[in-house]
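J.: One-letter residues, chain by chain:
2 protein chains.
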Amino acid sequence: MQIINEPDQALAQAVQGIQWAHPELTWVPETYGCYDQRFKDDQVPLIAGGGSGHAPAHWGYVGRGMLTAAVMGPIFTPPTAAQIVKVAQAVTKKKRVFFIVKNFPADVAAFGQAQATLQAAGWEVGMALVADDISVDNASLKKRRRGVAGTVLVHKILGAAALNGATIPMLTTLAKQVTAAVKTIGVAASGALLPGQAQASFTLQPGDIYYGIGIHGEPGYRKEPFQSSERLAQELISKLKLNFNWQPNDHYAVLVNSLGGTPPLELMVFNHDVHELLQLNQLQLDFHKAGTFLTSNGMHGLSLTMLQLADPDWLTALNLPVQTPAWPN
Amino acid sequence: MQIINEPDQALAQAVQGIQWAHPELTWVPETYGCYDQRFKDDQVPLIAGGGSGHAPAHWGYVGRGMLTAAVMGPIFTPPTAAQIVKVAQAVTKKKRVFFIVKNFPADVAAFGQAQATLQAAGWEVGMALVADDISVDNASLKKRRRGVAGTVLVHKILGAAALNGATIPMLTTLAKQVTAAVKTIGVAASGALLPGQAQASFTLQPGDIYYGIGIHGEPGYRKEPFQSSERLAQELISKLKLNFNWQPNDHYAVLVNSLGGTPPLELMVFNHDVHELLQLNQLQLDFHKAGTFLTSNGMHGLSLTMLQLADPDWLTALNLPVQTPAWPN
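Sequence lines, in order, name chains R and W. According to the UniProt record's numbering, the first sequence is numbered sequentially starting from 1. According to the UniProt record's numbering, the second sequence is numbered sequentially starting from 1.
Be careful, since some hints might not be right.
[Unchecked claim] Computed from the model, here is a short list of chain W residues facing chain R with C-beta under 10 Å:
id, residue
1, Val15
2, Ala21
3, His54
4, Gln89
5, Gln177
6, Ala180
7, Leu242
8, Gly298
9, His300
10, Leu320
11, Gln323
[To be verified] Covered stretches of chain R, as calculated for chain W (at least 3 residues, CB under 8 Å):
id, region
12, 78-85
13, 185-198
14, 224-230
Worth flagging that the hints you see were computed from the coordinates, not collected in a lab. Ideal Cβ placement from N, Cα and C applies to all residues, glycine included.
Produce the entire structure from the sequences given, and follow the hints as far as they go.
T.: Right, here's the structure in full:
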């Protein structure tokens, strides 16, 4: 059961619910986009976006020091280029904007088209493409490189840089460094929910879990019977270790994320397991958050994001207090 | 499935998980209690507590301007009086403390015994008893008056007062006023989870919802087939209206709370419905939050709390920014 009304009204009603709960966000007509009403147009505005159904991403990260605006589309479907352009125009009169985009074909197409439209109108437009998912496709053995929860750390680091006056070329360089250093992998015990559909995006045998799923319920790379939280942590960390090839005393930030249907108790048990295993790897864990950051509409599951802290400024940026609905200072 | 390890280790491991994620909390040995490590012993310390399984309550509200400390017991079981005393002694050298307690017999007994122990040692001890649940027992037709999500608003208002120098008699008077003005009622589509138990605290027919449940999965007052989020909002608001007997232009704070297993999209749809219906009642909704504040370990459900704002200082207190893991400024 989903606690909604008419399924085709769910998103519009949820957006109104967000408006009541967060009057500090101003919504742009004819879009599911919102911006920080305190924004003074004195820095490069950062805009992130994508489908709805990932709350608190991305509207929950709008606020001084993080995103200037977020623009969502329908559930699991990105906004149109026209909607992205409308939000950019509502935010700034200075014809400059920087987009943070998750690496899904439809998202890249929409933001790319918005970029082209704005550039044709004389705007300077930068873009970060986040492709942190290290899940591997079973058939091609290629990494899927979808954009998932690591995107939130990209918001945070670029947000601090933009607040400190970074130009679009500076943000572009920084985005390349950060997106190359951030990797995520997830696991789920249930699929994502779609309003009006009784079936989740995938179904598992009772007691099975699925490694490497995507945030819209895309398939993972292996199913197996659930054994323990620690076993999940071992699997995800072994994949991250292979990808990072880390050495003792390397410095990392860690983000443990609920995919939306995981109770806080389970999240914190898993967080414990992750931390114990990473300590056995003798890593320096300079930054560590666990919470509900980027979800798959009710999916019972978790993702683990790690960011190699190549630059001490990144840690400063992660720790900078911000005022947003969802980032925990 | 619950994503944990050995069930009898779940709580201890979750507490370690919280420690990694929130190094600003200092934990008291031999307890599941923690305090704000920045506390300077320059105000009356506020301590709330109760069973675990309600995260982010109560540890998530520890921080300057809200709680000084929180002391949890096992899942859905309060801490012992000895543990409460230990936490109070760890927090302050000034022999003064104020407890915020949810109205369950075991909680009241444990905190009452801790109060007596400390008073015998020369402490000044105040206590607020929160009994906001307006759910009615079917047999006796008495209000159950359990302490539920309204407790978080009591933390917030008393937290601001304590920060501003309120004495224990002042906090006692304020607590009486605020607890008399706050009322909550909940609804669920699933029971609460207990580590190691396959069955939730209650089971419903598929598609049924249960009005008036408690935060440990205690029974409610009526089951019926789920129709819509709006129908849930109508039922809960009708009960609150009967209890408050409100008039147009009365001023209220509203807290819409996920019981732990409700996706953000559903929470915000319900929040929309609540707000529309309250506006039809012509109330002045001066404060409005929706989120995950006090949970029933994974319960798919919602609660609605309203606080009649009898004093403009209460609204100022609710809006005061604080630094805690879970309160959204």
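J.: With reference to the structure, classify each hint as holding or not holding.
T.: Quick rundown of the hints versus the structure:
With a cut of 10 Å, the hint placing Val15(W) at the interface with chain R holds, because the nearest CB-to-CB distance is about 8 Å. Evaluation of the Ala21(W) hint against chain R yields a held restraint, the C-beta minimum of about 4 Å falling below 10 Å. Because the closest C-beta pair between His54(W) and chain R is about 9 Å apart, less than 10 Å, the hint holds. Hint status for Gln89(W) relative to chain R: violated, with the closest Cβ pair at about 26 Å, above 10 Å.
Proximity of Gln177(W) to chain R is violated relative to the hint, the smallest CB-CB distance being about 26 Å (cut-off 10 Å). Against a cut-off of 10 Å between C-beta atoms, the interface hint on Ala180(W) is violated, since the closest Cβ of chain R lies about 26 Å away. With a least beta-carbon distance of about 23 Å to chain R, the hint placing Leu242(W) at the interface is violated under the 10 Å criterion. Restraint check, Gly298(W) versus chain R: the minimum CB separation of about 4 Å is within 10 Å; hint holds.
Interface restraint check for His300(W): the shortest CB-CB distance to chain R comes to about 8 Å, inside 10 Å, so the restraint holds. At its closest, the beta carbon of Leu320(W) sits 14 Å from a beta carbon of chain R; the interface hint therefore is violated under the 10 Å criterion. For Gln323(W), the interface hint holds, the least distance from its beta-carbon to any beta-carbon of chain R being 7 Å, beneath 10 Å. Counting residues of the region 78-85 of chain R whose CB falls under 8 Å from any CB of chain W gives 0; the rule of at least 3 is not met.
For the region 185-198 of chain R, the assignment as covered by chain W holds, since 3 residues bring a beta-carbon within under 8 Å of that chain's beta-carbons and 3 suffice. Restraint check on the region 224-230 of chain R versus chain W: 4 residues with Cβ-Cβ distances below 8 Å, three needed, restraint holds.
The structure fails to meet hints 4, 5, 6, 7, 10, 12 from the earlier list, while all remaining hints are met.
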